[in-house]
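*Asks:* Could you put together the complete structure from these sequences and hints?
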Amino acid sequence: MARFTLPRDLYHGKGALEALKDLKGKKAFVVVGGGSMKRFGFLEQVESYLKEAGMEVELFEGVEPDPSVETVMKGAEKMRNFQPDWIVAIGGGSPIDAAKAMWIFYEYPEFTFEQAVIPFGLPELRQKAKFVAIPSTSGTATEVTAFSVITDYKAKIKYPLADFNITPDIAILDPMLAQTMPAQLVAHTGMDALTHAIEAYTASFRSNFSDPLAIKAIEMVKEHLLKSFEGNEEARDLMHEAQCLAGMAFSNALLGIVHSMAHKVGAVFHIPHGCANAIFLPYVIQYNRTKCEDRYADIARALKLEGSTDAELTDALIKVIDKMNDELSIPHSMKEYGIEEADFKANLTFVAHNAVLDACTGSNPREIDDATMEKLFECTYYGTKVNL
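Residue numbering for the sequence shown follows my numbering, beginning at 1 and increasing consecutively.
Certain hints may be false.
To be verified - Think about it this way: if two alpha-carbon atoms lie no more than 25 Å apart in a straight line, the pair counts; the simulated DSS-like pairs of lysine-lysine are:
#1 K51 to K14
#2 K156 to K222
#3 K14 to K222
Stated by the list, open to error - Cβ pair distances, simulated, as ranges:
#4 R39 to T309: 46 to 54 Å
#5 N81 to T290: 52 to 60 Å
#6 E64 to G41: 47 to 55 Å
#7 D22 to Q179: 33 to 41 Å
#8 R366 to N208: 17 to 25 Å
#9 E312 to T180: 22 to 30 Å
Source of the hints: derived by calculation from the structure; they are not laboratory data.
Beta carbons are placed, not taken as given, at the ideal position from N, Cα and C, and that holds for glycine.
*Replies:* Encoded structure:
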C-alpha cells in the first residue's frame, strides 16, 4: 500500500495571506528568519491578520540559514511556554523547516533529535497545534512537504527529517513574497525546484499521482526560471507555483542522491543547497542513467528536446541543465565553486559516507556504496565525466 499526502488547504494568488484572518484559535506562534519579511512588511501583515482572527501572537525571530538543532530546541521551549494552537512559519525554507522541527519537540518534550531523524518514525502530531507555512522563496516547497532539514553543526551533518506528520495543514502561496528575492537566490532556489521534480520523477516511490506534478513542474521551471532570474514579475509568480508542484511530487515520491550529496556538502563546505543541487544534478543523471534512462528520456520529450533514442534524449537533458547553470551564473563543479582541493580531499571520506547514509539515498533509482560515492564526488569536484 502506498500513500499520497498534501496539506488540507492551499491558498494561492495575490492576497492569499488574508486566509490567516479565517483561522480559528486562541494563540499563534510565528516563526520567521533573518529580517526580510519584517523589512518588506509581510510579518506585520501576518501579525495583523492573526490578531484580526482573535489570536494572541508571539514571535520567534532570527532563524538562521541552515537552522541548527540548538535553534530548534530553543524555539520548542518557547512554544511550550506559550502553548499555541497554531504554528505559523513565514520566510524561506529555513524558518519553515525549523518550525516543523520545533513542532515535534513542542508536542513531545521527551522526544530526542536522534529519534526524530529516523525516517517516518515520528509520533502523531496535532495533539496541541496545527501548522501554517508561508514561503517567501521559490525552491524548497517545504510548505507542502513531509520534510525538514536541520543541521547538527557539532557533527557537521545536515539531517533531513522525513515524516508525513510534519506536512503542514495549510500552505499559503502569496506570490508577492517571492517578488522580494534577489537574483542569486532566484537561481539557486529555482534549480532546487528543478532537482526536486527530476528526482521525484525517477525516485523509487514515484506513482501515477506524483508523475504529472513532477513533469508539469519541470516544464514550468524550464520555461520561467531564466525570466524570473532576469526580474520578470509574471515569471516570478509562476515559479512560485512551479516549485510547489515539484514539492507535492517529491514529498510523496521521495528524492535521490543529488539531495544526499547536497545535504552533506552543505554542512561541511557551506555550499548553498540549491547551488549544490544544480552542480550535482548533471553528474547524478550520468550515474543513474543505467537504471532509469527511459525516465530521463520522458523528461526530455516533455521539454521537446531533440533525440531519437533514450540515450540521445538523456544527453540532451544534461546539456539543457548545463546551459541553465551557465545562464544562471552557477558553477559546474565544486572546484569552480571555490572549494580548496586540500579541504575537499580531507573531508571526502566523511562526506561520502554520510551521503550514503542520508535518508534520500534509499529512494535513488540506482544503489551506491561509500567507495562509489567518493568517486562520484571526485567527478563533481574536478568536473569529469561519470563512468561508474
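*Asks:* The structure should be examined with respect to each hint, and the outcome stated for every one.
*Replies:* Hint by hint, here is what the structure shows:
1. K51 to K14: holds (21 Å)
2. K156 to K222: Given that 25 Å is the threshold and the Cα spacing comes to 34 Å, the pair is violated.
3. K14 to K222: holds (23 Å)
4. R39 to T309: 46 to 54 Å: holds (52 Å)
5. N81 to T290: 52 to 60 Å: holds (54 Å)
6. E64 to G41: 47 to 55 Å: Between E64 and G41, where Cβ atoms are some 22 Å apart, the hint is violated.
7. D22 to Q179: 33 to 41 Å: With a Cβ separation near 24 Å, D22 and Q179 fall outside 33 to 41 Å, so the hint is violated.
8. R366 to N208: 17 to 25 Å: holds (22 Å)
9. E312 to T180: 22 to 30 Å: violated (41 Å)
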